[in-house]
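Let the sequences and hints guide you as you build the complete structure.
So in UniProt numbering, spot 62 of the sequence shown is number 62, and the numbers just go up one at a time.
Honestly, the hints are just simulated from the structure, not real lab data. Note that the Cβ used here is the ideal one computed from N, Cα and C, for glycine as well. There may be inaccurate statements among the hints.
[Stated by the list, open to error] Using 20 Å as the maximum straight-line C-alpha spacing, the simulated PhoX-like pairs for lysine-lysine come out as follows:
| no. | residue 1 | residue 2 |
| --- | --- | --- |
| 1 | K145 | K103 |
| 2 | K244 | K155 |
| 3 | K96 | K126 |
| 4 | K287 | K176 |
| 5 | K96 | K155 |
[Claimed, not checked] So the derived label-pair ranges between C-beta atoms look like this:
| no. | residue 1 | residue 2 | range |
| --- | --- | --- | --- |
| 6 | E226 | G178 | 24 to 34 Å |
| 7 | I185 | E133 | 25 to 35 Å |
| 8 | G83 | T130 | 21 to 31 Å |
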Amino acid sequence: MDQFHLIIVTGMSGAGKSQAVKVLEDIGYFCIDNLPPVLIPKFAELCVKGGERVRHVALIADIRGGQFFDAMSQALQELRKQGVSYEIVFMEASDKVLINRYKETRRVHPLALHGRISQGIAEERKRLATLREQADFIIDTSSLKTSQLRDILRKRYALNTGRKGLTVTVVSFGFKHGMPIDADIVDDVRFLPNPYYVEEYRHKSGRVPVVRDYVQSFQVTQTFKEKWFDMIDFLLPNYEREGKSQLVIAVGCTGGMHRSVCMAEEMYRHLKETGVDVSIEHRDLAKNDVEEDAPGYEGEDA
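This is the structure:
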């Protein structure tokens, strides 16, 4: 069983602590925002007793805790007595950058409720000086992009959980039923020849082999597939490099029964063959008058 490990993310207000915890959550950590330090030892004890369910935890503890934050030194001492493995990540940035961030977001600094932001920052640095000295890892976000912060944290704290990188869902749909609201990429295939106008295929889905063969018998379909697959193959590693963990590719035709179903199945098969973690969904197929359907590539794989 993996040893329980706790990451305490702290530091200057506006330095990116919340963003850091979001990254840690994405890579498998159980995360809590602004837990009062006085509660950290008890929380760690509960996690340890919880067995393998919670082995890697990250939490934010910062000046927003007010007087509770003053108990941090005692909390850390208690963790050491308990034998809890922990690491302090201290986030900071230059005064100029912090001031600009507060002005851009129009937020109020927790230590400058009725005064200047610069005064609040100075007071916060003073209060956090001792904790900064105890930090295991200091990150200055003054000139870091979000993607760079993500890379830093992933390289240091990646877990061997068996998780894959980017997961893809291919969804077929009909435009007359509305576009999927969670789609990242929407491809309109209404320009392809429509089996609906062939009486023999009208009530057969795009998964039925004769309908699939009909749609793909046209040169325009083959040309589209080649360019489409090439574009998606180019995009996926770039999305993953930027830290995207989930991608929804929506493929639409008029009703979501023939062309979109057929093309979604083709994309699913292509991505499956190239080793992508992919699933498929035909959102609007059942909304049509379907008299004949057949297992798609996913069903055949099963």
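The hints, checked one at a time:
In summary, the hint linking K145 to K103 is supported, as the alpha carbons are separated by about 18 Å, within the 20 Å threshold. Between the alpha carbons of K244 and K155 the distance comes to roughly 15 Å, so the proposed pair stays at or under 20 Å and holds. Restraint check for K96 and K126: the C-alpha separation of about 17 Å stays at or below 20 Å, so the hint holds. Restraint check for K287 and K176: satisfied, since their Cα atoms lie roughly 11 Å apart, inside the 20 Å limit.
With a CA separation close to 28 Å, the supplied pair K96 and K155 exceeds the 20 Å bound. A C-beta distance of roughly 29 Å is found between E226 and G178, which places it inside the suggested range of 24 to 34 Å. The hinted range of 25 to 35 Å is not satisfied by I185 and E133, whose Cβ atoms lie roughly 48 Å apart. Here the CB-CB span from G83 to T130 is close to 23 Å, well matched to the stated 21 to 31 Å.
Violated hints for the displayed structure, listed by number in ascending order: 5 and 7.
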